[in-house]
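S.K.: For reference, the chains in residue letters:
Number of protein chains: 2
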Amino acid sequence: MDAELGSWRDGRARSAITDFVRRVTTEGGADYVDPAERVAVVDNDGTLWTEKPMQIEIGFILQRLAAMAEQAPDLRERQPWKAAYMHDYDWLGGAITQHYRGDDADLTVLMGGFLRAFAGMSAEDYLAASGEYLRHGSHPTLGRGFGQCAYPPMVELLRYLEAHDFTVYIASGGDRDFIRAISDEVYGIPAERVIGSSNALEYQEDERGASVVYRARPDVFDDGPVKAVRIWSRVGRRPILSAGNANGDIPMLEFTGGPSLPALRLVVLHDDEEREFAYTDGAEELLERAERGGWTVVSVRDDWTTVFR
Amino acid sequence: MDAELGSWRDGRARSAITDFVRRVTTEGGADYVDPAERVAVVDNDGTLWTEKPMQIEIGFILQRLAAMAEQAPDLRERQPWKAAYMHDYDWLGGAITQHYRGDDADLTVLMGGFLRAFAGMSAEDYLAASGEYLRHGSHPTLGRGFGQCAYPPMVELLRYLEAHDFTVYIASGGDRDFIRAISDEVYGIPAERVIGSSNALEYQEDERGASVVYRARPDVFDDGPVKAVRIWSRVGRRPILSAGNANGDIPMLEFTGGPSLPALRLVVLHDDEEREFAYTDGAEELLERAERGGWTVVSVRDDWTTVFR
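Just so you know, the sequences run in chain order C and L. Note that the numbering used here gives residue 144 to position 144 of the first sequence, counting from 1, and the numbers run on in steps of one. Note that the numbering used here gives residue 1201 to position 201 of the second sequence, counting from 1, and the numbers run on in steps of one.
Computed spacing ranges between beta-carbons, pair by pair:
1. L/Ala1105 - C/Ala200: 28 to 34 Å
2. L/Gly1120 - C/Glu288: 26 to 32 Å
3. C/Arg217 - L/Glu1284: 30 to 36 Å
Read the hints as simulated data drawn from the structure, not as lab findings. The structure presented is a predicted model; accordingly, all values stated were derived computationally and were not measured. C-beta: ideal position from N, C-alpha, C; glycine also.
Required output: the full structure, derived from the provided sequences and hints.
M.R.: What follows is the structure in structure tokens.
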């Protein structure tokens, strides 16, 4: 038993990981993979840390919208600032519910506010604001700091892979620079190995010198097929190991391995109502695909001895 | 004298490099920079290897267009396949000349052909084709392999920086995946540290599995202000050292250092007719900016003992 995966119970998931790593690192073996090719990609929300009751980033955006409304009273009459300022989670939740029913009117309003929230801010200021929120805020229902919302078994997996000469990237649908603010201290993953969504950036020169500044325009939404494209763009290689927990991770997992390389695909199943949250919404297709393809399902309840530190 | 910069003559450029590296690596010094922040970005065409009489990548594209015309005779009657097939450098050069005169008609035709040239090809096949061309082709006028078109003093600089815990990225206006094909063997820079232009990629699933495939659509043209944006997107930090040779490198050089970090900006001046090429076209603004800002100009003629191996 490898001490490095100490929060993993003996079982199929753990064995799948250790067997795969043994195969790709055994020189002369049929599945040996050169260290340069040992690329792993891991989703963030719901895979490395908890994403319920809402993604941690949403809280950051709402806080910013509320602060804008604090400064500019006229915004308090306009959505989504109004809902953020009034803590009107019914309106916010309703926008998402309506979206699933095919009505994007409120979601469009919400997204417009999100884009406005950081427009004109330099990437470095955004990084600093994200870090401030992540280091000092706390999870709304778990009552723990955001850094403690990471899953220790997954962080152990990152270290285990690195110990076997893997290079690990975070490949998230969430905002790239938000994650970068804390990726090194929480996950040991440096900024240059965080792949994610981003609003458009623009180069500006002014009296303070040159900087890159956010615009009120989306650029990359790093989910679904885009995840595979972005992994190639950033890494220039296929991953041989990937981990995700939602339908938007399917293309990333499909893209893993490929014609000439072995693959291990991990799917985190949230089935632990007691220690975390139990849900499969947004993961139905992934779980079906995992079953059909023999992908490795990781049960939070059964495979992890610890869910949070 | 540092043995590692053996192809650099003693002089202002060499001293600027060694002084800067000493300052940022001296613990407790005013300009000390943490190793994680020691990011260097270096342009490719004209900075790491020769770009005359035309960028090496252009030859690759023309070869591909000619091969397409070989397969499909009707293409031989259409530009730019006709010019590529007939080796009509007058037409090709004319498209560029007209562009500088404000007439983009032929350039648009040329670019349309370039986009078509690789549409439908997977990123991995493109990488393989690029590697094939770069390893087996030779420079049209210098009579040397493309790998030998790199400047040894610049490759020494990359190693020198790495020896002082810098992380070096290539930040090129040229095609990202073309450079990736040979970046490790020629420059010792792995694929994930090559930033460059790219046509759009698309995720596809078919009987061979999942892949990412080029589309006949541009995505990123990594030049000018975009270089600074792309460096942030890829690295998540400002560089503290940058090197370029053309006007399109100005924003990257301006972006270097910034409010809280020291900066060294290197400008390669092509002034050696005898050993390479002498030209300043496309670099006029950069040279003016360098003089105004006291940026470090590297003279190929005076600062390098060797231009090619």
